Structure formats: structure tokens, C-alpha cells
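Given the sequences, and given the hints that come with them, work out the whole structure.
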Amino acid sequence: MSNETSILSSNSSFDIEKLYDDYSHALYGVISRIIQDEQLAAEVLQDTFVKIWKYQDRYHSKKSTLFTWMMHIAKNTAINAYHSKANRQKHNTSDISEATICAGLRVASINTDALDIKSSLSKIDDKYREIIELIYLRGYTHKDAAQFLKLPIGTVKSRIKIGIRELRSIYISKPVATGTIISFMFFLNFL
Amino acid sequence: MMSKEDILESGLIEQYVLGLMSTEEIAQLEPYFEQYPELVEYRLAIEQTMEKIAFDNAIDPPPSVKSKIMDEINSLSGISADTKVRSSKPNSKWLISILSIGALAAITFGYLYFDLLSNYHNLNSDYTTLKASCEESNKVIQRQAASMAFINDPNTQAVILSGTALSPNSSMLVHWNKEERQASLNFINLPPAPEGKTYQLWADVEGEMVDMGVLEIKDNELPKIPYMANATSLNVTLEQAGGADHPDVSQLYINGSII
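Taken in order, these protein sequences are the chains called P and X.
If you use the working numbering, the first sequence corresponds to residues 1 to 191, in order.
If you use the working numbering, the second sequence corresponds to residues 1 to 259, in order.
Worth double-checking, as some hints may not be accurate.
[Claimed, not checked] Pairs of lysine-lysine residues, derived as DSS-like cross-links and limited to a Cα-Cα distance of at most 30 Å, are as follows:
#, chain 1, residue 1, chain 2, residue 2
1, P, Lys-150, P, Lys-85
2, X, Lys-224, X, Lys-178
3, X, Lys-66, P, Lys-18
4, X, Lys-68, X, Lys-52
5, P, Lys-161, P, Lys-127
6, P, Lys-54, X, Lys-52
7, X, Lys-52, P, Lys-123
8, X, Lys-66, P, Lys-51
9, P, Lys-85, X, Lys-66
10, P, Lys-62, X, Lys-224
11, P, Lys-85, P, Lys-123
12, P, Lys-161, X, Lys-52
For the record, the hints were derived by calculation from the structure and aren't laboratory data.
Note that this is a predicted model, so its numbers are computed, not measured.
This is the structure in C-alpha cells:
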């Protein structure tokens, strides 16, 4: 899916346009699940790519893949924008209590059925799916998720781990087997 | 210190990839990646899984966002909109590639041009030669056609003249046409004229030997002969070079009657 060597040239100069073409839709999928206002979500995506470009020197391939790094920027930018908006609403609306701001507001306002969650996620057990969905696709912290699902935080952490492992096994067993490609490359090697 | 098994079982790597760790927790975990390649391998597998989930759930952003990003980055980099970023490092590679292709194309076309020019000159020269040769052949054909037409004319008479005692093997074929008042020499067999001598043709007209010219016999070409009205015979004598006014009858090589 990602071809980082072509994007990061030898001196780590980013081809931001190619990054945008390759990854914007994957990042926007998460951003627009956190920020449901389309205009604000678009602004967040814009901020995200400007940050990616601005902070390109801070990316270290030893610490994560480029996509993980970009996703963290996207998610943090979206969560910050969400809180800023929530704070503006707090000042404008006198009868909203402090508790409904931040995580509380998010928990209350999110309708988990509103956005379509696709493919492999729907193939794993609901108890794992909902946690990965909340945390990975909607930007919840594990504390937010524990609060929302009324579960101990330890259970949330352990379900994250099991859920991701189940997803891995689903992806590994998909018909376009990586093994086939690797074997083919080995075959080419012998030519 | 934790063992790598502890780390794998703890779910810490999953939390790391999902961005759920504090700065301190990250700082504690990252050194383990340096130490255990298996942990890096596991982390990459988790990252790839999460990337797939993100791609499975991707949503296309509004189309206007891209140009806004490019504009903002261009203005931040302080270079005009059409240059930086869009034409930064990779594009300079493009430029080099395009220039290289251009130079290569110029060399190729230059070579082809001179090659074709040289071919053109060669062909043009060949054409000129062939054209000249063709024109020459056409003249020959025309001459032969005219000659054939003359020979095949019903009024044309073929006259064979024989060698005398001086040269019994000599002979001569003449075509004679009284209506057209034309004559042509079509075959002659004479020994080569000695140095300082030449063969001369005479017509007997009413008892007078009339000079019909010197016979200059060249390779592949028979001399033209004039028509002589009222000629009764043709005679070939060997004379001094340049010809004589009167024939030396003692040197008669060929003779024969026309009528």
C-alpha cells in the first residue's frame, strides 16, 4: 500500500503532492470520523499535510512507518480541532457543564452507527471491533473508550491487542497472499 | 527491564502504534526496538494491519483541499506558487531527465539528418548517372528503331558486296532505298587499314567513279554512307590517309552492283 522509498528521497525531502495523492483519503477517513463538520474536517486535513511537510525532519523510519507517523499527526490535529470547537461552544453556551466538554461531549455526541465501518473490521467479534473502531477510527483514548463502553481500562487494553491480532490473521489469510508475491520475486531472482 | 516476550504479551506495541502512550512510556519502549529486531518486526506487522484498516475505511476529501495545501506550503517555503514543492527535488530530476532525453533526441536526429543527407547525395548522384545512361540507351533504341524501320521498308533493297582477289574474305552489306533516297551500311568486313592508309567508298555513276567519302571504321559503329542517285555499283579502295580524288583501282578491296 505504501511505497515509502519513492516518497522519501535520499535526503529525506518529501514529495508532498505524492503523499497527498497516496494517503489523503486514508487519513481523511479518520479525520472525518472525528470531525463530522465537513468544512472543519477539510481544514484539519489541510493542517495535517502542512505539518507533515513542515516537520518532515522529525520522521524517523526506525520508530514507525511513514503512514503511522502521518496518522498520528492527522489524529492529533483532528482531536485538537475538536477540543477547540468544543471550547468555543462552551463559551457560547452557558448551560453546558464542564463535564460535557472534551471526552464527555464526544462520548455523548458520537453515534457509532452513523459512519460506515467497512471490510475486515466487521469480520471480528463486536467486542473487539467497537474498541478498535472507537480508538483507531474515531480518535478515542483508551480512557474515553473505557468510559464510553463502561469497561475497566485493563479490559480495553487487552481487547485492543486481541482485536488487532485477529485482524492480522484475517489480512494474512486474504487470497492475494503475500507468500505468492514473495515466491514470485524469488523466482525472478533466479532468472 | 522487561523481556521481549513480556512486551509482546503486554500489548504495549499495539498501544504504541495506536498513539495511546505518553511521552514517558514511548521513551521507555523505543530502546527495546533497537535491542530486539523481533519487536520491530512485530511492530511493522501491527502498523501494516492498522494501515489496511485505514485504507479500507478511507474517504475521499473534498477536491479543493489539495490546491489549498499546495498553496500554503508554497507560500510558507517563500517561493512562488509554481516553483517550489511542485517542482522541488523530484521535479528537478524530471527536468534533468527531460533535458537528457532532449539532448539524446538532438544527437539522434542530428546523426539521422546527416546520414539521410549523405544518402540523399549518393542517391541523387546514382540517379543522375542512371538518367544519363537511360537517355543514351533511349537514343540507341531510337536509332535502331529507325534503322529497323528503314531496313523493313518494302522499298529498301539489301545489297551484298563481295571482296575482290585482294581480299576474298571481305564483304559488305548495304541497304539502298531509291524512293527515300537513303542508304545505310549495315555490315563490313575488311582487314585493318595499314598505317597512313584509309578505305574510301566510290559510286559508279554513268561510268564515272564518284567519291562517297572515307570509311572510318570504328569499334561498334559503322560509318554512315550517303545516297547516290543513279549509282550502278559501289566500290571500296585503299587510299592514302585523308582520301583521294580518284580511286586507285589496283587497290580495289570490295565491289558490287547496286541494281
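In rising order, the numbers of the hints this structure does not comply with: Hints 10, 11 not satisfied by this model.
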